[in-house]
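Line order of the protein sequences matches chains A and B. Each residue of the first sequence is one higher than the last, beginning at 1 in the numbering used here. Each residue of the second sequence is one higher than the last, beginning at 1 in the numbering used here.
Heads up, none of these hints are tricks.
Just some of the chain B residues that point at chain A, by a computed CB distance under 8 Å:
| hint | residue |
| --- | --- |
| 1 | I185 |
| 2 | E194 |
| 3 | V234 |
| 4 | F241 |
| 5 | H251 |
Listed next, with one range per pair, are the computed distances between beta-carbon atoms:
| hint | chain 1 | residue 1 | chain 2 | residue 2 | range |
| --- | --- | --- | --- | --- | --- |
| 6 | B | E187 | A | Q208 | 34 to 44 Å |
| 7 | B | E255 | A | H71 | 34 to 44 Å |
| 8 | B | P82 | A | A138 | 48 to 58 Å |
| 9 | B | I212 | A | M70 | 15 to 25 Å |
| 10 | B | G174 | A | S76 | 42 to 52 Å |
| 11 | B | K83 | A | S331 | 51 to 61 Å |
| 12 | A | G186 | B | P43 | 28 to 38 Å |
| 13 | A | E205 | B | P43 | 48 to 58 Å |
| 14 | A | P82 | B | M70 | 53 to 63 Å |
| 15 | A | V137 | B | M70 | 20 to 30 Å |
| 16 | B | H53 | A | E205 | 50 to 60 Å |
| 17 | A | P43 | B | G174 | 52 to 62 Å |
| 18 | B | R5 | A | G186 | 31 to 41 Å |
Hint data in this document are derived by calculation from the structure and do not stem from the laboratory. Ideal placement from N, C-alpha and C gives every residue a C-beta, glycine not left out.
2 protein chains.
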Amino acid sequence: MGSTRARIAIDAMGGDHAPAEIVAGALRAQEELGVEVLLVGDPHQIEATLKQHTSSHLPQIVPSEGTIEMHEEPLSGLKRKPKASINVAMDLVKQKQADAVVSAGHSGAAMASALLRLGRLRGIDRPAIGAVLPTMVASKSVLILDVGANVDCRPKFLEQFALMGSIYSQYVLGVDEPKVGLLNIGEEECKGNELAIRTHQKLQENSQISFIGNAEGRDVLTGRFDVIVCDGFVGNVLLKFAEAVGEAVLHILKEELPQGLHGQIGTALLKPNLKRIKQRVDHAEHGGCLLLGVAGICVISHGSSQAPSIFNAVRLAKEAIDNQVLERIQSQGRISQQSAVSGQEEE
Amino acid sequence: MGSTRARIAIDAMGGDHAPAEIVAGALRAQEELGVEVLLVGDPHQIEATLKQHTSSHLPQIVPSEGTIEMHEEPLSGLKRKPKASINVAMDLVKQKQADAVVSAGHSGAAMASALLRLGRLRGIDRPAIGAVLPTMVASKSVLILDVGANVDCRPKFLEQFALMGSIYSQYVLGVDEPKVGLLNIGEEECKGNELAIRTHQKLQENSQISFIGNAEGRDVLTGRFDVIVCDGFVGNVLLKFAEAVGEAVLHILKEELPQGLHGQIGTALLKPNLKRIKQRVDHAEHGGCLLLGVAGICVISHGSSQAPSIFNAVRLAKEAIDNQVLERIQSQGRISQQSAVSGQEEE
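Between the sequences and the hints, there should be enough to build the whole structure, so can you do that?
Have a look at this one:
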């Protein structure tokens, strides 16, 4: 990827399994992905963890003080702890010492820190969290945004989500002309709540995206849509439900399959097949969500992330860097903003 | 059961498989459940279908003219066709010739017809559609409402949904002191959009229900909650997603399990277990959704309903009749309304 390697600042103190699993995933990413990782956190703890690994190239440690706990209110926590690991990681991006941040810590704090330290991209009113889910078509995934950053939205926010999602889908997920859908309760354009009805019209009029209509709950996993936009309340409920359903399915399989003698033998024979199902259903495989619309690349990983998840999160960050997602959003967002101003639109 | 049998008016013309599957399900219900069914629809078509069955007691046919098609706008359709099957079925309840309506036709039309012909129960501002989903605890289900009747809600609507849901859960689903949750994006009471935050407070102050806090997407299927309230937009997205996930799971099982020789043998041995999984995952088993808050019992079945679904829908209607759900909602709704008035609350 050229002469300069992508530099990823990793919040080594964030998440249920920090720092051990975070450091392990970061080291693997550094070796296999050709990136440079910067481990942000308590130097003693990180060094102790590093001693358990043999690495040809030890990553740089950037000291921080404290971390935002899961129960803390993000804004006050970030202010009380200016040197918290997530703040220090964001500062590295701001000072151009890193190209991206990966954190499995408090997701609200990561978002707030990104907004406060990096700010928004021009042309974007509200950043959104995008989550990639597998679909029923084995080779296709769907990007859903927003899944939690903005609980009360206006139509123009969702329009910007559609734009950012399309760029991400095209340049990172490699989808040619991504098909955009609006999460809604019916196919017809008259369907939905006030937000959905007004957003539908805006999306239809926007020539920068390929809007193909409303996506109902049943359409999310069909593979018909590449990008689905919604407000962060609905998106968050849907994402957490989807993650839990994956677990529920594995639970039911475990409970129902082994019953009876035939069941026991059958289940034993199916071990490798069951493992493959787990991989398709398990969302930990996907690394994390991308925070789109802030002036820096940030990947927010699940709080329960272990090394493979962190590895995938770094891969995600690297792809966003390599494909210049920020620059593309900024330039298209500006076009969109200009046309809105000239069209006297204000939503 | 007393001396009078429950009388169920069935919209024989509504749904993808009308009238054949609707009539078949109705006949089975009449024989096995000890109810009296009234088949509403085109007499010629219904009679032709009845000829394919041998029944000891032929149900009464109530003639209607036309039906509301799936693409029609409910209100204008209902006005243009005053004798449409759904209107005639609702009139039977209004004229006390039937105790309940079951329809697999246009669900928006069924709801609008119920509102126009039967009206709301006193103390209830907005009727809600309640859906029962299976949970990870085999013997427990969860009632979610609203799943589509009201896309834009106010806190007091959700409070009324909680009240109606609790009554339904207690008297029809047999749950002692049903635990109520508010669908939200976090556990803390400060979390959520404006509607959720204000509703949380109202639910906490309401002594008529057992509110145990917010339910995140991941909590829906855990069995921790008996009733979960939300606005009809989020609820509809969630329900349709859940239904589709059930199908997706069966699809993935079919695709992944039989691979390899061991897989093929294993799958063959597991046939009965797979059938049981299908039953647990497949929502067609549940008959339909109850429309709560109108002055009559109405079960709205899935458009794709076949005979077993209609049978289950009639069973659902019968349970609501036997357990006096309407009377209980009306009396408790009135108490709630009085206390709101005395407390000068207006949301």
